[in-house]
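A.B. asks: Work out the full structure: start from the sequences and follow the hints.
These protein sequences, in sequence, are chains A and B. For the numbering used here, count along the first sequence from 1 and bump the result up by 27. For the numbering used here, count along the second sequence from 1 and bump the result up by 27.
Please note that the accuracy of each hint is not assured.
Same chains, same label: a pair holds when it works inside one copy or across any pair of copies.
With a cut-off of at most 20 Å between alpha-carbon atoms, the simulated SDA-like pairs for lysine to any residue come out as follows [claimed, not checked]:
1) Lys183 x Tyr117
2) Lys156 x Phe140
3) Lys156 x Tyr110
4) Lys66 x Met170
Just so you know, the hints here were simulated from the structure itself, not pulled from any lab data.
There are 2 protein chains.
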Amino acid sequence: MNEAVQYLHAVYPLSDEVLSHLDSILKSRSLVKGEFLLKPGEVCENIYFIKKGLLRCYYLRGETEVSAWFMKEADVIVSVDSYYEQVPSYEYIQALEDCDLYYITFYEEDYIFQTYLEYNVIGRLLTRKYLQVWNRQLRNIRMLSAAERYQELLNKEPELLLRVPLKYLASYLDMLPETLSRMRNRISN
Amino acid sequence: MNEAVQYLHAVYPLSDEVLSHLDSILKSRSLVKGEFLLKPGEVCENIYFIKKGLLRCYYLRGETEVSAWFMKEADVIVSVDSYYEQVPSYEYIQALEDCDLYYITFYEEDYIFQTYLEYNVIGRLLTRKYLQVWNRQLRNIRMLSAAERYQELLNKEPELLLRVPLKYLASYLDMLPETLSRMRNRISN
Chain A
28 MNEAVQYLHA VYPLSDEVLS HLDSILKSRS LVKGEFLLKP GEVCENIYFI KKGLLRCYYL
88 RGETEVSAWF MKEADVIVSV DSYYEQVPSY EYIQALEDCD LYYITFYEED YIFQTYLEYN
148 VIGRLLTRKY LQVWNRQLRN IRMLSAAERY QELLNKEPEL LLRVPLKYLA SYLDMLPETL
208 SRMRNRISN
Chain B
28 MNEAVQYLHA VYPLSDEVLS HLDSILKSRS LVKGEFLLKP GEVCENIYFI KKGLLRCYYL
88 RGETEVSAWF MKEADVIVSV DSYYEQVPSY EYIQALEDCD LYYITFYEED YIFQTYLEYN
148 VIGRLLTRKY LQVWNRQLRN IRMLSAAERY QELLNKEPEL LLRVPLKYLA SYLDMLPETL
208 SRMRNRISN
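C.D. replies: Next comes the structure, spelled out in structure tokens:
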């Protein structure tokens with residue numbers, strides 16, 4: 028069993044039939060640091076499992092890049108609206124490190140949902156996981172001060188501070204790079 | 028079939044067995060305008076279907092009420108983290124109009140997911156629907172100007188402008204009540 032199938036099987040134990048079907052259709056793709064997985068105007072045709080590496084999703088506000096999320100090992104990623112509706116994306120997804128990914132297409136996933144009811148348990152639980160992530164992001168932006176958002180990142184995802192360039196993290200936290208830099212220096216001193 | 032079961036059956040056709048099980052456990056509750064469905068510190072024990080009415084979810088930022096969402100007829104609502112984790116909520120859910128709701132408990136829903144695999148299709152599709160709503164809210168706050176966020180609301184959910192007091196809408200759109208009031212007047216003139 029490869030890493031993606033192992034991960035799914037741990038979310039919900041799947042029958043041998045589904046496991047071998049998944050094994051037969053999973054494709055792999057590697058990206059070098061800086062390479063794009065998706066650009067605006069393209070349809071997000073695949074759902075990806077991250078075996079190794081780190082990716083950033085962002086969009087442009089005028090000339091400014093706004094980071095929507097960072098995902099790493101064992102995350103499952105899509106450009107939400109583009110994937111579910113199979114319409115052109117307004118987002119970029121870019122590798123911040125060399126990455127190894129597994130993926131299946133939207134239509135392959137849809138076939139699995141329709142053919143193997145049990146796979147819907149996994150679909151439900153993974154969607155719920157990311158609804159909770161999105162919910163926490165919305166709450167943090169609306170409810171917390173810049174200093175509290177930084178503290179929250181430090182508590183929940185300290186790894187990002189080591190792996191993501193500061194200029195990308197700042198817009199994710201809805202603050203200016205200078206503010207984030209000041210906070211980091213204050214806390215590390 | 029009552030309205031909630033009809034709605035679920037339209038999302039994905041369910042077997043007679045699930046339909047009659049749902050019919051036997053669904054409970055109803057009515058709220059008068061201003062009444063609370065949930066307060067901070069309480070666990071969101073139920074998942075609700077709105078048959079009639081409009082509800083607001085909000086939390087406090089210092090002394091300020093920040094509106095997280097408004098849901099109306101045919102929406103399915105919970106306080107996301109509190110319901111999924113069965114932990115105390117930090118949110119209020121309040122009726123903005125007289126409401127008629129149907130509901131089942133977290134444990135009743137969990138039993139259905141475990142007993143009837145087909146029900147996971149509905150769980151997946153409804154979770155996905157709200158992930159897209161949350162995704163759009165995040166994008167709007169991060170990417171659009173105040174004027175564009177107002178225009179988006181006008182295009183996508185014009186009904187809210189008629190049914191929700193302006194002071195509640197302003198924090199939902201991440202703007203001051205005076206800004207929203209000015210925009211509304213400018214556009215309606």
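A.B. asks: Does each hint fit the structure? Answer for all of them.
C.D. replies: Here is how each hint holds up against the structure:
| no. | hint | result |
| --- | --- | --- |
| 1 | Lys183 x Tyr117 | between (28 Å within a copy, 18 Å between copies) |
| 2 | Lys156 x Phe140 | both (18 Å within a copy, 16 Å between copies) |
| 3 | Lys156 x Tyr110 | both (17 Å within a copy, 13 Å between copies) |
| 4 | Lys66 x Met170 | between (31 Å within a copy, 17 Å between copies) |
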